[in-house]
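J.: Okay, here's what each chain looks like letter by letter:
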Amino acid sequence: MSAEREIAVDYLARVEGEGAMYLKLKGDVVEDLKFKIFEPPRFFEAFLVGRRFSEAPDITARICGICPIAYQTSACNAMEHAAGVRITSGLRDLRRLIYCGEWIESHALHVFFLHAPDFLGYESAIAMASDFPERVEAGLRLKKIGNRLMSVLGGREIHPINIRVGGFYRTPTRAELEALVPDLEWALETAADTARWVAGFPFPDFERDYEFVALQHPGEYAIQEGRIGSNRGLDIAVEDWGEHFEESHVAWSNALHARLKTGGSYHVGPLARYALNSDRLTPRASEIAEEAGLGAVCTNPFRSITVRVVEIAFACEEALRLIDGYERPPRPHVEVEPRDSVGFGASEAPRGLLYHRYDIDGEGAIRAAHIVPPTSQNQLSIEDDLRAYVPGRTHLPDHELQWQLEQAIRCYDPCISCATHFLDLTVERG
Amino acid sequence: MSPARPRLAVWKFASCDGCQLTLLDIEDHLLDVAGALDIAYFPEATKGEVEGRYQLSLVEGSITTPHDAERIREVREMSETLVTIGACATAGGIQALRNWADVDEYLSIVYAEPRYIDTLSTSTPIEHHVRVDFELRGCPISKHQLIEVIDAFCHQRKPGIPRHSVCVECKLRGTACVMVAQGIPCMGPITQAGCGAICPAYDRGCYGCFGPSQDPNIDSLAAWWKRLEVSDVDLVRALRTFNAYSPEFREASEAYERRA
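Protein chains in written order, with this note's numbering: chain D, 468 to 897; chain Z, -17 to 242.
Next comes chain D alone, as it looks inside the complex (with noise of 0.2 Å):
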């Protein structure tokens, strides 16, 4: 049995961008294996050069349609930090609160949308909705129950607009947002209820032991600021990330490889989220989590929907908390003078950590900037996940063992659009 074999999925469905996959096997040797990311890259470290510090928010949410809240939160992080200034009380919560319903409106698409087909054979949720009507309708009411979160407080779901470097134009009314309560209510239960489902979907028997790594927060669940922190010890503030993280950039991807200096491959996401912090999840939420059979780490990158399915349960918990406790602050936002200095800023993207670092001078435009999403964090590890995948099930023919890298791809919500972000290129000249 040392016959050459080679698979390959030229476009990746069901994922956020253009990505594609390559396995050479020999027998049940791996020789050759490659998460490709050929989206075209885009230049926005370059062209954030010489840009008004606060016009990083709008310009930065453009790298994703997707998650546009986490680079709007991790731009104003790091140009707040830059200029001394932190934000708390009401407009903290706010911050949290809309992030809150990115996360909902995201990890709804994904669960229903993206990931669920793959376990119950269907190619996509509208091919689904003829069998599973009731999922689809209750996936898809829960996504725009995120998207109404974010369009209350952010003007709109997709490339918000009332987000800005010290706060918000417009803070809502006590109104405005108690009208989003019954929803949320609803949403909570209906996450409860998605989590028994997907706990019993035919998971395979695979785990990793993954370096996990996501923000920590004393006292809460780590969305929107915190310290970098890994389930070995690391625990750094921000701003010493490219003391213990570099990247580094392969011929087969667009986006460039984050490594831990120290080692390998890591793991970003709700998987390391979870890992790190479960114990600072909100009541119910801890509940669905046990009900689910999910402990206090999950190794297995297959059941990250379950964990994804708890984490719409913490977000619509965590802004309900939020709602009740909610006064309108006295201002919408605080002033924030540029200083020349250097900020860095990260949050939890709902693919995980977003690290942004911008160099500024005394007027407030951009000398330099630095990003590195989550998806590039990613790709050492999926690249590590298949390796390990593969051995032991070479026997299966090549579509079905297609079908389930595909997936094993697809267990980290990959935004591909995310990460082509931050490359230079040689330049044809037309």
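It should be emphasised that the hints constitute simulated quantities derived from the structure, not laboratory data. Incorrect hints may have been included.
What the hints assert, rightly or not - Non-contacting residues of chain Z with respect to chain D, defined by C-beta distances greater than 10 Å in every case (computed):
1. E59
2. M60
3. I129
4. A204
5. Y238
To be verified - Derived, one-sided and incomplete: chain D residues facing chain Z with beta-carbon distance under 7 Å:
6. R509
7. F510
8. F514
9. R529
10. C531
11. L607
12. K611
13. G622
14. R623
15. I625
16. A855
17. Q874
Virtual Cβ for every residue (Gly too), placed ideally from N, Cα, C.
Following the hints, position chain Z against chain D.
T.: Leaving out everything else, chain Z in the frame of chain D:
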């Protein structure tokens, strides 16, 4: 026997995925659309693929690589009606900022292996490459306008997408003019409606994400902004965001850049 449903394809070029996500964001109508049209190619949502011709193609993103310049021609050949969606596809998007950049300077921001990357020095709208049947603007597009375009296609009529300015939407919404009442610089007077005039309703000036309205009077707006003490440099910056390479914004930004 009822005729076969028209086939819909959704194509992506250089973009953030936000405009095609809008198709999934029409939550209440998504299954209706899936009933009226056969969603034959939409990789973000489905693994299924139907080869052949498509009656309606929605195209997101701009052309930034030699490969994509070829691919859009193939998409055009396969498509009976081709509609571009969003600022990238209709105006080159934020990516078009590279069209003014000194490319050597971009290259001087050194990356490990720039030779691995294949790209063009420009980001251009789809209509610079192939014939386009309709352009739907916005960064991102409006879901209501997307439904209108799909509905118009299904009934073989012209989409009712107004070309007037955001000011009209502020009046309809009952929002007091932020420029007059609060002295906030606003691009609403030169920007096409469609978003629902969100920014002024949130005490913010419009930033032009739907691109130029029909016959925009940019010089008049520039004079108003001058009274609000906005410098020509900041005016150029405002014109050069998500629709920078639309002809009207581009011409004006170049004229004011020369003056600045």
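J.: When the structure is checked against the list of hints, which entries are broken? Sort them ascending.
T.: Failing hints, ascending: 16, 17.
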